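Participant: Using the numbering used here, read the first sequence as starting at 583 and increasing by one per residue.
Please note that a few of the clues may not be correct.
Pair by pair, the computed Cβ-Cβ distance ranges are [unchecked claim]:
(1) 613 with 681: 13 to 23 Å
(2) 640 with 600: 14 to 24 Å
(3) 745 with 681: 15 to 25 Å
DSSO-like mimics (lysine-lysine), calculated; alpha carbons at most 30 Å apart, straight line [as the list claims (entries may be wrong)]:
(4) 719 with 616
(5) 603 with 781
(6) 781 with 585
(7) 585 with 675
(8) 585 with 757
(9) 719 with 744
(10) 616 with 675
(11) 616 with 757
(12) 770 with 603
(13) 603 with 585
(14) 616 with 603
(15) 744 with 675
In case anyone wonders, no lab produced these hints; they're calculated from the structure. Since the structure is predicted, the reported quantities are computational estimates derived from the model, not experimental observations. Every residue, glycine too, gets a C-beta built ideally from N, C-alpha and C.
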Amino acid sequence: MVKHPWNVTIDEACTIQNSLKDRIITYDAFDIIKHVGGADVAYEVSGNRACCVITVFSYPSLEIMSCSCFCGDICFAYIPGLFAFREGPLIEKAFEGLDVIPDLLLIDGHGLCHPRGIGIATHMGVFLDVPTIGCAKNHLFGSHREPGSLRGDRACIYSERKTIGCVLRTRDNIKPVFISQGHRVSLKTSVEICLNCSKGYRIPEPLRMAHILARRII
DNA sequence: GCGACAG
DNA sequence: ATCTTGTCGC
């Protein structure tokens, strides 16, 4: 667990990201996964408050077991590449309120697939010392080809000849999601878990439900 | 300089 | 992220 202040300047935020990089674990460092969590944040229509919900589902049976929410002020601007400093504080608080700690946490955003290799999923994984996977709905960094059109089809995302994530189709003929390692999980396992968590919808169930609950609460 | 740019 | 119901297509 590597905690640090969130109320920092843009330069300090980048410095913190770089200082956390050597803590990232990119292989499967966990035992049996019995519970998978999903963290998402919904914003007030007008205002500076938002609500973070973290759901916890049984795995692989996918029944909701628990959830936690935390609403608070948003204190950092939306800057691509520094997303953790905007939503991280709320995720931290919601995580502290969980009564069932998930064995792995899915986070709405990128992980290693990031300009400096440390998106919000990786950042929170190191910060909370929990295995994490980044699952984003849109592209941020790296290049890739278009994956096949069927569920399970995928295409690697590259940066400087290295694989940093993958574009994964979770439903036939539907826009794919962007999967990348967060912390303490391999890319192969990340893809496997995301597919096992998404039966019927584009977004993995823990994240989909967290999204629904968060915007109902805010 | 121009375009891209998680939520 | 958010403003928003029905509707067209698989």
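Participant: It remains to establish, for every hint, whether it holds in the given structure.
Facilitator: Against the structure, the hints:
For residue 613 and residue 681, the hinted distance range of 13 to 23 Å is satisfied, since their beta carbons lie about 20 Å from each other. For the hinted restraint 14 to 24 Å between residue 640 and residue 600, the CB-CB distance of approximately 37 Å leaves it violated. About 37 Å separates the C-beta atoms of residue 745 and residue 681, a value inconsistent with the hinted range of 15 to 25 Å. Proposed proximity of residue 719 and residue 616 is supported: the alpha carbons are some 25 Å apart, at most 30 Å.
A distance of roughly 33 Å separates the Cα atoms of residue 603 and residue 781; the hinted pair therefore is violated under the 30 Å criterion. Between residue 781 and residue 585, the direct Cα distance comes to roughly 35 Å. Violation of the 30 Å bound is thereby established for this hinted pair. This hinted pair checks out: residue 585 and residue 675 have alpha carbons roughly 13 Å apart, not beyond 30 Å. This hinted pair does not check out: residue 585 and residue 757 have alpha carbons roughly 35 Å apart, beyond 30 Å.
Simply put, residue 719 and residue 744 have alpha-carbon atoms about 22 Å apart, close enough for the 30 Å limit, and the pair holds. A C-alpha spacing of about 23 Å is found between residue 616 and residue 675, which places the hinted pair at or below 30 Å, so the restraint holds. Under the criterion of a C-alpha separation no larger than 30 Å, the hint pairing residue 616 with residue 757 is consistent with the structure, at around 29 Å. Only pairs whose Cα atoms come within 30 Å are accepted, and residue 770 paired with residue 603 is accepted, the gap being roughly 21 Å.
A distance of roughly 14 Å separates the Cα atoms of residue 603 and residue 585; the hinted pair therefore holds under the 30 Å criterion. This hinted pair checks out: residue 616 and residue 603 have alpha carbons roughly 28 Å apart, not beyond 30 Å. Straight-line distance between C-alpha atoms of residue 744 and residue 675 comes to about 34 Å, which puts the hinted pair past the 30 Å bound.
The earlier numbered hints that this structure contradicts are 2, 3, 5, 6, 8 and 15.
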